[in-house]
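> Numbering of the sequence shown is given in this note's numbering, commencing with residue 99 and proceeding in unit increments.
No lab work stands behind these hints: they were computed from the structure. All figures in this text were calculated on a predicted structure; none of them were measured in a lab. Each residue gets a CB set at the ideal place from its N, CA and C atoms; glycine is no exception. Accuracy of the hints is not assured; some may be wrong.
Pairs of lysine-lysine, DSS-like flavour, derived with a Cα cap of 30 Å [to be verified]:
hint, residue 1, residue 2
1, LYS119, LYS227
2, LYS309, LYS231
3, LYS321, LYS147
Cβ pair distances, simulated, as ranges [what the hints assert, rightly or not]:
hint, residue 1, residue 2, range
4, HIS184, PRO308, 26 to 34 Å
5, THR288, HIS229, 41 to 49 Å
6, PHE221, GLU175, 32 to 40 Å
7, LYS227, ASP177, 21 to 29 Å
8, HIS220, GLU121, 35 to 43 Å
9, TYR212, ASP310, 44 to 52 Å
10, ARG196, SER223, 40 to 48 Å
11, HIS125, LYS180, 40 to 48 Å
12, GLU178, HIS244, 23 to 31 Å
13, GLN320, GLY179, 16 to 24 Å
14, ASN137, LEU225, 27 to 35 Å
15, LYS183, GLU121, 18 to 26 Å
16, PRO120, GLN232, 21 to 29 Å
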Amino acid sequence: MPLWKLTKQAERLTLCNYRIKPEALDHLLPQGTRARIHNGRAFGGVTIKNYNCQKYDIAAYLMGFPYEIILHSVAIEWDEGKEIKHGLLILALHNSSRMSAFLSKKLYPVKCNYVQFEAEEHFSSYLFKAHTKQHDVYLHAGMEPHFAEESFFSSAREAGNFFQESLIHQHSLNQKNGRFFQSLAEGQWTCQALDIREFSSQFFEANFDPKDIEVDHAVMMQKLEPSWCGSVGEEKEVISSSFAMNQKSARKATKSSLGLNN
Numbered sequence: 099m100p101l102w103k104l105t106k107q108a109e110r111l112t113l114c115n116y117r118i119k120p121e122a123l124d125h126l127l128p129q130g131t132r133a134r135i136h137n138g139r140a141f142g143g144v145t146i147k148n149y150n151c152q153k154y155d156i157a158a159y160l161m162g163f164p165y166e167i168i169l170h171s172v173a174i175e176w177d178e179g180k181e182i183k184h185g186l187l188i189l190a191l192h193n194s195s196r197m198s199a200f201l202s203k204k205l206y207p208v209k210c211n212y213v214q215f216e217a218e219e220h221f222s223s224y225l226f227k228a229h230t231k232q233h234d235v236y237l238h239a240g241m242e243p244h245f246a247e248e249s250f251f252s253s254a255r256e257a258g259n260f261f262q263e264s265l266i267h268q269h270s271l272n273q274k275n276g277r278f279f280q281s282l283a284e285g286q287w288t289c290q291a292l293d294i295r296e297f298s299s300q301f302f303e304a305n306f307d308p309k310d311i312e313v314d315h316a317v318m319m320q321k322l323e324p325s326w327c328g329s330v331g332e333e334k335e336v337i338s339s340s341f342a343m344n345q346k347s348a349r350k351a352t353k354s355s356l357g358l359n360n
């Protein structure tokens, strides 16, 4: 049984993915993990997630809702016995709410910092700017009925499913106890292709040689209603349409992550 549970509304989740030469990730991957390969390439990118406040009370506003989360990550996999686990390696995490960024330091097994965020949304056109030390992000994109032909994925839904499968298990840079869990509501969320007019990520551009990475696609996922919950046992079950997190391990990992550079 959960010790606590908090349901959120994600108004939108924008995902901009690079295709990456697998060997270019060797210097970043924790021991025991490897790049998750799709059609010969590894994938990583920037996730911009908006949480609105339609279903919250005054306590939610005091916590900083609504806010934006900026996540830099790469898709990975690892072996557990005879089973292959898929996940995301979280490289950097930022939040546009100072209060939520502070609280996230107690929840996430990776350090969360404050980011200045600007958004201009006009019908099907989006302009996002995130300003923080060494992690600036700029995206100008619009809704597109046709998925990018040059992508290594066949459709926006296939790209969204790849992301969903990777969300089930997440790694921070803490190798032993830096894992937590997340899942989207199967069959409920929608995924729409985006036409990238301009995109830059200071983090990825600084950490990879230009010849090793190339923008593959961008998608926008909507109708997301995940929940955070903590449970009694040390082993945590991933619940459909919810987040399940090992609170005890996350707190330990948070303390050790203070020495990590973002």
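> Of the hints given before, which are not true for this structure?
5, 7, 9, 10, 11, 12, 13
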